[in-house]
Amino acid sequence: MKLKGFALGLAACASLPSLAQVSDDVVKIGVLNDLSGIYSDLSGQGSVTAARLAIEEMGGKVLGKPVELVFADHQNKPDVAANLARGWFDQGKVDMVTDFPTTSTALAVMEIAKQKNRVVMPSSGLATSILGEKCTPLTAQWTTNTYALAAGTARALVKEGKKSWYFITADYTFGHSLEKDASEVVKAEQGTVVGASRHPFPGSDFSSFLLKAQASKADVIALANAGNDTVNAIKQANEYGISRKQVVAPLLTYISDVHSIGLDKAQGMYLSEAFYWDYDEKSRAWARKFFERQKRMPTAAQAGVYSATLNYLKAVEAAGTDEAKAVMAQLRKMTINDAVIRNGKLREDGALVHDMLLLQVKAPAESKAPWDYYKVKAVLKGADVYPPINPACQIASK
Amino acid sequence: MKAVPAPIRILLALLLPALLVPAFPELAYPVFVMKVLCYALFALAFNLLIGFTGLVSFGHAAFFGWAGYTTGILMIRLSAAGLPVELAIVAGVAVAVAIGWAIGSLAIRRTGIYFAMITLALSQVAYFLAVQIKWTGGEDGMQGIPRGRLLGFIDLGVDSHMYYFTLAVFVAGFLAVHRVVNSPFGQALKALRDNEPRATSLGYDTDRCKLYAFMLSAGLAGLAGSLKALVLQLSSLNDVMLSTSTEVLLMTLLGGLGTSWGPVVGAALVVSLQNHLAALGGVVTIIIGLTFIVCVSFFRRGLVGELQAALKRRTRIREQHEQHRPEILGSPGEQASSV
Amino acid sequence: MFDVSLQSLAAQLLVGLINGCFYAMLSMGLAIIFGLLNIINFAHGAQFMVAAFLAWMGFAQLPLLLGPAYQINFWVALILAPIIVGALGVLLEKTLLKRLYHLDHLYGLLLTFGVSLVLEGAFRHFYGISGVSYGPPELLQGGVDLGFMYLPLYRGFVVVASIVICLATWYLFEKTKLGALLRAGTENPKLLQAFGVNIPLMITLTYGFGVGLAALAGVMATPIMQVNPLMGANLLNIVFAVVVIGGLGSIMGAIVSGLALGILEGLTKLLYPEASTVVVFVIMAVVLLTRPAGLFGKEK
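Sequence order for the protein chains is X, S and P. Residue numbers for the first sequence follow numbering that gives the first Met the number 0, so the first one is 0 and each next one is one higher. Residue numbers for the second sequence follow numbering that gives the first Met the number 0, so the first one is 0 and each next one is one higher. Residue numbers for the third sequence follow numbering that gives the first Met the number 0, so the first one is 0 and each next one is one higher.
This is chain X alone, in the form it adopts within the complex (with noise of 0.2 Å):
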């Protein structure tokens, strides 16, 4: 009689339909950046705060299942991060993977997590490769990319006048990515290419590549570089004279960045970003909250971070599952609108079409407050920033 019962209520359970499937009962996010290296302010721990946030503000739960993290220094190294991406999936149970500041980690870990069906949202990984030829169904590059944020900027100088250009890149593939980028918007508005220089990555002193981008007399000089490169040349830059004839146009900035080299170096210099914390009061709101844990305000590639894993976090929960195809099909069905990203939608290459903004840098007499860096020149709508999808990238050109 007893076993009969027993046999009854087994079957009961095992003919119920599967209300959540949460693979290992727990879903994980990890965060895989340069936590002690050159791109450690714009990403490190802060993004790792950031990644906290968005948990925090999904309540710690999703379908029931608890939300854990983790997160590692990759060192801008691309076989550190294949390798710990590697164990996080195999045995960390890891569902999703985030920030990747450094393009070639983020390439890395998308070929792993092709293999291993789990999502890849870089953040702070921008080149466009990741949307060319090596683009996998899984992955979301979400914050921006080079051409997005070259073509903002370099769109409204040309239209300003400012026709003829000089690049001084960073002799790395992610500086000839930007220069590449930044010169077809520059031609496509018309505007001219007198010149370019590559410096070796990472430099110190662009004396030499400044001097001869002031010989060329070009209206503007556009820094295809990043991080420090950037920050020395346009100190260099103030020093030579150069900022007062010609337009200095760094195509890669972050906050932290303008923080380092100060307001009276920078100021005036137009730039694109994905987020700026003192856009609207959504923004401020959440960026309070960052600060108050970070003492310092977020970069847009830690903003990213959050607005990644929070999207994330509520595609699992429409899905009902954490299972990667279902997880994209559904944050592809969505349309994102937080603190961070507005107007966002998951093209099926990977690219996160949203609204860009253009900044100009203030006078340090316009700055009320500590970080109170930038004008909002305008808002710039994705479709007319982003890249067209490049036909190499096999998914989506079906």
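Because the hints were derived from the structure by calculation, they are not lab data. Here the structure is a predicted model, which means the values were calculated and not measured. Watch out, some of these pointers could steer you wrong.
Said to hold, decoys possible - Between beta-carbon pairs, the in silico distance windows are:
#, chain 1, residue 1, chain 2, residue 2, range
1, S, A80, P, A9, 29 to 39 Å
2, S, L272, P, K176, 46 to 56 Å
3, P, L63, S, S242, 32 to 42 Å
4, X, A362, P, Q140, 10 to 20 Å
5, X, A362, P, N72, 20 to 30 Å
Unchecked claim - Calculated lysine-lysine pairs in the DSSO-like style (CA-CA distance at most 30 Å, straight line):
#, chain 1, residue 1, chain 2, residue 2
6, S, K133, X, K179
7, X, K113, S, K133
8, X, K216, X, K162
9, P, K97, S, K189
10, X, K361, X, K179
Glycine included, every Cβ here is placed at the ideal spot set by N, Cα and C.
Take the given structure of chain X and dock chains S and P to it, following the hints.
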């Protein structure tokens, strides 16, 4: 029957747990162990040069990295067309030996610190080439290197298959180094290390010995690099960078120069350190720096070297005690062989 | 590639000269330490960096802690930082470096390499990698229009100051009694000790002096480079090549090669910029193979 030397005895003892690793992935993650084995082989190759020949090279990453690139590009472009993975590995080793010949024949013209500086300068050139040559992928690196099929049918894409293959190559490499060190050629190298002028006066062609040792070391380092490229399916600029050369120096120093197992112990420690402290960021650099300082100041023989010395002391004390006892006849037995 | 105007060329040569001055100053410290003490001071770049940070800390952070009256300006830092960093160098020498003199060069190199890692890691941990800003002192702000280029006043100061420092140091070591004593002490320490000269003290002070030179270069670099934990490491590669090319023990060699390589690097940046870092190593390899003692050195 000749007694089995200590290093081989240790190898046999470790073989059983090593064979069981894929069965217990939670205890020992197979990909991690494979990475350790590759770097251990790299360190063994390096030790051949620094520990047994007394030559310090600051450019070993050139062999490690370029072999990886060679194997990688061959597998990516030609494995679908039927290129066997064994051939790709052999090609990688060949490239490493070639670069070893090129750098070595220039470097051995000088000695001591000048030799080291030449290896440094030339490996920087090798790095520059890796950055400029398009097919290495620059700092994106080479990703998705297919592992291929061993002997045409064993799919190395399965982690456990790759693991046994890596283990086999490591054991072969270890035995090869052991053989070289204990051969007449090895004796010549040690003589060279201890007193080069005397070795020359005894009739050894020291320059040729050094070049052969250099090329051998380069080839083994290349083998390690090719293997690593297949294990992690990735080859990047990091592998040819100066930091990799200093890393292998640290591994060998930490483990013990001139010992058989020292480099392996050192490699295991350094790789584990980097893995487990990955969340700590800048602190890892500080720890590595402190390790260098402590090792060089107090621990010059390295962990295995110190262990050896401690064991020798105990054996000597025991022997002294035994000699005081009148009943003991005959010699105390063979010297404790080096570990 | 060769259509450069004379004006452009002149500008690039001047820029190269300015860089060369830094290389010369830094290599001089290294050359002294190797030439007299047989130590390869891999920590030179890190010591350079620490001095730069100290200058910045004195300027930006000390007034926050103790009040505006305690701000250390550039000129004071120029004296204080080398003393502090030099003292730390002396401490290092007395505790750890000293024990390795009887061994192969390699161990001294590895020890100082370890020290550089610790210093860089520590500063990275506390100050991040973006670095901090530091402007030239008021006296030297602005610039002068030379016709073919606009020369920032501060950079002109660097050229003049470094040449003065280099020549003074060379004179001290090659032409004075003290210098002769130092050189004799390294060639035959026992004999000199018999004459009552305190050799260990001499060695310690020499190391401190060499480190002090690096620190001086560090303070002078702060207005030009972003003060960040890796500023020394980036320069050290080139500086080592300079010292080898000039001759590992020769002060004049370090000065001349430093200046020459700075100019050569400037020219390379003009003609084939991607190679501007590797050209130095190619020259180093060539020199090592043809004249290992360097252009001015004596074979050891």
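We went through each hint and held it up to the structure:
no. : hint                           : in the structure
1   : S/A80 with P/A9: 29 to 39 Å    : 56 Å, violated
2   : S/L272 with P/K176: 46 to 56 Å : 51 Å, holds
3   : P/L63 with S/S242: 32 to 42 Å  : 36 Å, holds
4   : X/A362 with P/Q140: 10 to 20 Å : 18 Å, holds
5   : X/A362 with P/N72: 20 to 30 Å  : 26 Å, holds
6   : S/K133 with X/K179             : 16 Å, holds
7   : X/K113 with S/K133             : 25 Å, holds
8   : X/K216 with X/K162             : 11 Å, holds
9   : P/K97 with S/K189              : 28 Å, holds
10  : X/K361 with X/K179             : 28 Å, holds
Checked against the numbered hints given earlier, the structure breaks only hint 1 and satisfies all the rest.
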